[in-house]
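Chains A and H, in that order, give the protein sequences. Residue 1 is where the first sequence starts when you use UniProt numbering, and the numbers rise one by one after that. Residue 1 is where the second sequence starts when you use UniProt numbering, and the numbers rise one by one after that.
A hint or two may mislead.
Stated by the list, open to error - One-sided and incomplete, this derived list gives chain H residues near chain A with beta-carbon spacing under 10 Å:
hint : residue
1    : 69
2    : 70
3    : 74
4    : 101
5    : 180
6    : 184
7    : 187
8    : 188
9    : 189
10   : 191
11   : 192
12   : 193
13   : 194
14   : 197
15   : 198
Said to hold, decoys possible - Within a straight-line C-alpha distance of at most 30 Å, the following computed BS3-like cross-link-like pairs (lysine-lysine) qualify:
hint : chain 1 : residue 1 : chain 2 : residue 2
16   : H       : 101       : H       : 50
17   : A       : 107       : H       : 82
18   : H       : 18        : A       : 296
19   : H       : 250       : H       : 240
20   : H       : 235       : H       : 259
21   : A       : 203       : A       : 135
22   : A       : 296       : H       : 199
23   : H       : 182       : H       : 82
24   : H       : 199       : H       : 105
25   : H       : 198       : H       : 82
26   : H       : 232       : A       : 268
27   : H       : 50        : H       : 250
28   : A       : 284       : A       : 296
29   : A       : 191       : A       : 107
30   : H       : 199       : H       : 50
31   : H       : 259       : H       : 232
32   : H       : 240       : H       : 259
33   : H       : 232       : H       : 250
34   : A       : 296       : H       : 200
35   : H       : 240       : A       : 268
36   : A       : 296       : H       : 198
37   : H       : 192       : A       : 107
38   : A       : 191       : A       : 203
39   : H       : 50        : H       : 182
40   : H       : 182       : H       : 200
Hints are computed from structural coordinates only; laboratory data are not their basis. No experiment lies behind these values; they were computed from the predicted model shown. Cβ atoms here follow ideal geometry from the backbone N, Cα and C, with glycine treated the same way.
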Amino acid sequence: MDFTESDEHRDLRAAVGAIAAPFGGAYYAEHARAGTECTELWHALGDAGFAGVNVPEEYGGGGGGLVELALVCEEIAAQGAPILLLLVTHAISAEVLVEYGTDAQRKEWLPGLASGRRKVVFAITEPGAGSNTHKLTTRARRVGDEWVVTGEKYYISGVDEAEALLLVARTGDEGQLSLFLVPTDAPGLQKSVLPVDVMLPEKQFTLHFDEVRLPASALVGEEGQGFRQVFHGLNPERITGAALCVGIARYALSRAARYAGEREVWGKPIGTHQGVAHPLAKAKIETELAALMTRKAAWLHQHGHPAGEAANMAKYGAAEAALAACDAAIQTHGGNGVAQEFGLLPYWGLARLLRIAPVNREMVLNFVAQHSLGLPRSY
Amino acid sequence: MNIVVLVKQVPDTYSERKLSSGDHTLDRDATDAVLDEIDERAVESALQLKEANDGSEVTVVAMGPDRATDAIRKALSMGADKAVHLSDEAIHGTDAIGTAKALVKVLGTLEGTDLVLAGNEASDGRTGAVPAMVAELLGLPSLTHARELTVDGGTVTVRRETDDGVTVLTAELPAVVSVNEKINEPRYPSFKGIMAAKKKPVTTLTLADAGIEPSDVGLSAAWSTVTESNPKPPKSGGEKVEDEGDGGSKIAAFLVGQKLI
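Could you build the full structure based on these sequences and the hints that come with them?
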C-alpha cells in the first residue's frame, strides 16, 4: 500500500490553489450573497485546463479522470471558492457525454465545458420524484422525426448559466428512462427561479416543459438506457461533492485555527482552551478520514471498479465533516462568526445543503444498511 | 533559438526564514521551498520568446539540493522543454562567485546556447550579482534589470530599469539577460503542462560530472564569512497618533522624524 501522493497530483493541487487563491473567500462570499455566477474563476480554471481535467484531450480537455476532477473541486474549495455547479457540469454532464454522447454531441459541448465557457446542467428531480427516480413523470414522445417533451422539473441548478440541460425523461410504451440534450432557450421551456435561503452563486429552478420539440439528434446514448447512463454520472457527482466538502472543511478549519491562534482573551489565545480547540481538532480528524474515503472512491470509479459504496460513504463523511468544521469555525469566531466581514455563513449554508444533496444523508444510510450490511430494504 | 533559464529554489517568501545555528547558512528545512518568483518571470520570458520563434528550445538550469527538483518541475510544467540540475552536497554554502563559476561550468555542458536568462536577484540571498558574474565569466554581454525584452534576429534589446533610471541596451547574441519583477505575469502551469512535466528530460550532474573544481564551491570557498546572526526583533507596537484635528501634521512630523519625507 502506498499513500504517497504523486508529483503530478501535488503539482495539480498547488497550481489549482494558486489560481483560486487570488479569488478566495472574499470573492466567493460576495458572489454567494449576490447570487451571481463566479464567471472570472470559471474562465481562469478553464484557461489553465483545470475545469476540463476529465474531458478527453481531443475535445480540448486535460485527458485526466475523476481523481483529478475531485482534486480540483477540493482545492478550489480549500481556497474558499467552492463552485457547486462543477459537480453538475463536469462530474455528471461531461462524464455522461464522454461515455454515451454521439460524436456530434461531444464535438458540440465538450470543448466549451473544458474551457469553462459553456455549461450543460442536469435535470432529473421532479416535485413528485426526488430521490425516487421510479416516480419520474416527465415524458418525451416520438412524433415523426422529433421528440416532444412534457413535464416538470424541480430543484435544477444553474439553468440561467447553462446553454443546455441534460434531461432525464420517460420514453416509449414501457416508459423507460432516456437522456436528452435540451437547449435552455427551447420554445415551450419555462424557467422559474426557485428561491432558496442558502447563499450560493448558483440559482435553483423549476422547469415546465410544454410540448418542447427536440430533434431526433437530441437523444443521448440509447433510448430506454437512461437509468444506467444516469448512474454513470451520479457516483462522480457524489465523489466530487465529497471532495468539495473536504475543501470547505479545510477552508473553515484554516480560518478558525488562525482566528483561535490570534484572538486573545484574558491574555491567552482562545485556541489555548480545550472548549475551543477540541471541536476544531475533532472536525480536522473527520475531514482527514473523509478525504481518504473520497480519494478511494474517486480511484475506484476511475479504474472502472464498483464505486457506489465508497462514493456514498465518502459523501456522507465529507458532508458531516464540512458541517462540523463550519459550525466549529463559526463558534470559534464568536459574534464574528456571523459577521459579513468574516464571511463564514455562506460555507455553513453550502455544507448544510450538501448534507441533503446530491444524495441525502438518510438515503446513504439506507444504501449502506441494505447493500453493505444486507439488511432488509426499508422502502 | 536555444534559451537557458537559470532558476533557483528559495524559501517561500511569505514564510518565516531562518539561518542554521551551526554555519549561518539558510535553513532550507525550516520552510516550504518554491521556485523564486522573479525566476518564474524569467521562465515566462523564455516561453514567450520560444512561442514567437519557431524551433526554439527552453532549458532550465538549477543548482541546489535534491528537493530543487520541485522547482525544476514547476518550470517544466509551465512549458520549459528540459532541465539540468547540479546537485551535490559539496555546493552547500557556496557564495555568489562560486555559484557563478559552477553555473558557467553547467552551461558549458549545453551546446549552442543563444540566450541565458535569469531573475535579477533571488529572494533569499539577494546579492543580485550572479547574472552579471556569469556573463563576465562567459565573456558575454550582460544586460541586467530588464523590464522589457525583445529578440530580433541575432540582436537582443532590453529596457533596463533601476533606481538610477531607464536605459535601453542592445547586444548581439549570445548574451546574458536578467529580468526584474515587473517584466511580466508568469503563467500558471496548466493541467497538460503538469502531466507532461514528469516526462521531460532532467539531467542531474555532480560537481565531477560538470567539471567543477571542489575548491571553487562550498562554504569554505566563500569570500565572506558570517560570524554571527540574530533573528530580527519582534515588531514593536508602533506609535499611536490621536487625531485632535491635527492628525495630518502629526503624521507628517512622524514621517519627517523617520527621514521618510
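To test your reading of the hints: which numbers does this structure violate? 4, 5, 6, 17, 18, 27
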